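Protein chains in written order, with my numbering: chain A, 4 to 495; chain B, 2 to 252.
Worth flagging that the hints you see were computed from the coordinates, not collected in a lab.
Errors might be hidden in some of the hints.
Quick look at which bits of chain A chain B covers, simulated, 3 or more residues with Cβ under 8 Å [claimed, not checked]:
#, stretch
1, 14–21
2, 159–172
3, 176–188
4, 292–305
5, 328–342
6, 369–377
7, 474–483
If you're wondering where the values come from, they're calculated on a predicted model, not measured in any experiment.
We put the CB at the ideal spot given by N, CA and C, even for glycine.
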Amino acid sequence: MSGTFVGMPAFPEAAREAVANKTLRGNLRHATHTIRAKRAKAVTEVSDWAELREAGKRIKDHTLRHLDRYLVQLEESVTAAGGVVHWAADATEANEIVSQLVKMTGESEVVKVKSMATQEIRLNEALEAEGIRAYETDLAELIVQLGKDRPSHILVPAIHRNRGEIRDIFSREMSEWGRPAPEGLTDTPAELAEAARLHLREKFLRAKVGISGANFMVAETGTLVVVESEGNGRMCLTLPETLISVVGIEKIVPTWRDLEVFLQTLPRSSTAERMNPYTSTWTGTTDGDGPSTFHLVLLDNGRTDTLADEVGRQALRCIRCSACLNVCPVYERAGGHAYGSVYPGPIGAILSPQLRGTGSEIDASLPYASSLCGACYEVCPVAIDIPEVLVHLRERVVQGGEVTREGNKVVLRPAKGHAAERAAMRAARWAFTHPGALRTGQRAASRTRRFHPRTLPGPGKAWSGTRDLPPVPAEPFRDWWQRTRGGKDGAR
Amino acid sequence: MRVALFLTCVNDTLYPDTGRAVVKLLTRLGVDVDFPMAQTCCGQAHYNTGYRHEAEPLARHFSDVFGEYEAIVTPSGSCGAMVRELYPRMGERARAEGRGDTLAATLAPVVPKTYELTEFLVDVLGVTDVGAYYPHKVTYHPTCHGLRGLGLGDRPRRLLQAVKGLELVELPGADECCGFGGTFALKNADVSAAMGTDKVRNAESTGAEVLCAADNSCLMHIGGTMTRLRTGMRPVHIAEILASTEEEPAV
């Protein structure tokens, strides 16, 4: 995974700013709670939701287990349908391939469908370095691009912005990128949408090259699928002469029939819609209809390394619905930028440290960005046990261990900064396997209780800054039990 | 029935009243309660912070101490979930690491017979009216591991509804985490505090005097936030409410 946000501070530090930003917290709270409630309702409408969830999980697990076979089948199908398949081991390779393909067309502008994969590899920046301008056409991506901002949500990249902020961005920036915003633009949704429509239409009609991702790839037919709400994606997929799709290798499903499951669970989980408004599928090229040239760039970028981890690999089941973000109490307060990746929220907290490794400060802190409340697992339409993977990755951070990096097995050393914690955990383990020692400690705490400070020094400050500690009781339970012999003689 | 009380290290050290309440309640319901003195900690804090290998000896110790009892009752949703959900997983991981079935075999006996208190009352004893009296306005916070880990469902609520004199009011956003999360409260203190504040403000909006839950760790975080925000509300463990009677009312 690219270093989109590498050099970011660790999660707690990045989150502190967001927690203190009242506008941001208000925007996030409003948006996540609205989507959350709608999703819950949309899911209860389906009588076999539990079975669909299980089916989605199994299809994905089966595909991942035989990924090598299905990738080869996909390549054959795409090639047979007139497309060209390229393999990219990492972000650099993928960006080079795409830049070359665009250059070969002689164009210096491309239109883009919202795509997580191209954000992951920072394609726009790579194209810009080659003198190619990429125009985002998804409304929220447009807001992020015009605002020189970063996306903060998988599905709603501009979730952290309110209408007033969007109006300001449009009025100020649209003229830099093409058709300016109308004079006197207000913050009503209809006016904002109309401004975006006029601005984007010029781009759609002019562009000769489109770049997309895909939600799914069907191995048996070589078909790619994009689901979206606005229809802008379909414009990008059908109007240009050349279409380049950059897709993570885990996005395969074996057959068309498998789509049946995900086309039910994805829209309900993400936008709480019974069916997404636009489902576009394309298979290679067709004479006289749509792009005449089609390239598929299959992106690894840490995915086969992730697949090698038997606990962590379930993260690759993710269909990017973002339901876990919308229910996560930590995401709601910390915002998407604190996760230092295009994949924020609970799924980002397990995906980024696997795709990128736990070497950077931000990646080593992400497994701790959760209270393990389990709401993310409960809503996940492919049943990714996110808390399980978080704990697994915490273990990797504090204890090190064997992982696969770029196809090779390497032994990670424990991350720095955990020595005191490790010593405390060992000491606690010793005391807890020696009940006598625990009891001595409890008694000492009880006897000295009048002298306990109200605020704590060292790491305890993190607690006592905002919360009072309970007073230590005069007598721990076990002493009371022994004194009263279990309370059986009437003593209380 | 020979029932062991697994009080948890937090309750034993900081909240002995909860333990006394469980003993009083179960004894009133005719259960013969024992408190094995060698018990310590289930290992949850170690496990969830990433120290699985430090948690394993604690899990073994737990099995040694509690293995012989017919049932193990704990007034903590998260420690109950540790035994029921995560002990089997620790066994599986040990097996996957080529360490054989020893750990799994050691832990297996305690897994199915460990019950969270409200679960034990409703499912094993088959009671919802425990003869309690508690004349206060109460709101209930279902803690995450009880709610989603153990699937306690409406058991605690049914028990509370049967308490004489108790007025139960719904907590807005009840199923949202309070922000404790063990070491999360220290490692991500700002987010944890923001979550705690929202939980307390929601509780305040109900007009209840008492916020009740089935886990003292969460109550420690919520209660500490309540006093710091000077709300006048009190955190109370559900065991203390259920143990309270007209003859011996809890304060």
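Item to check | Violations among the numbered hints, reported as their numbers in ascending order | outcome: 2, 3 and 4
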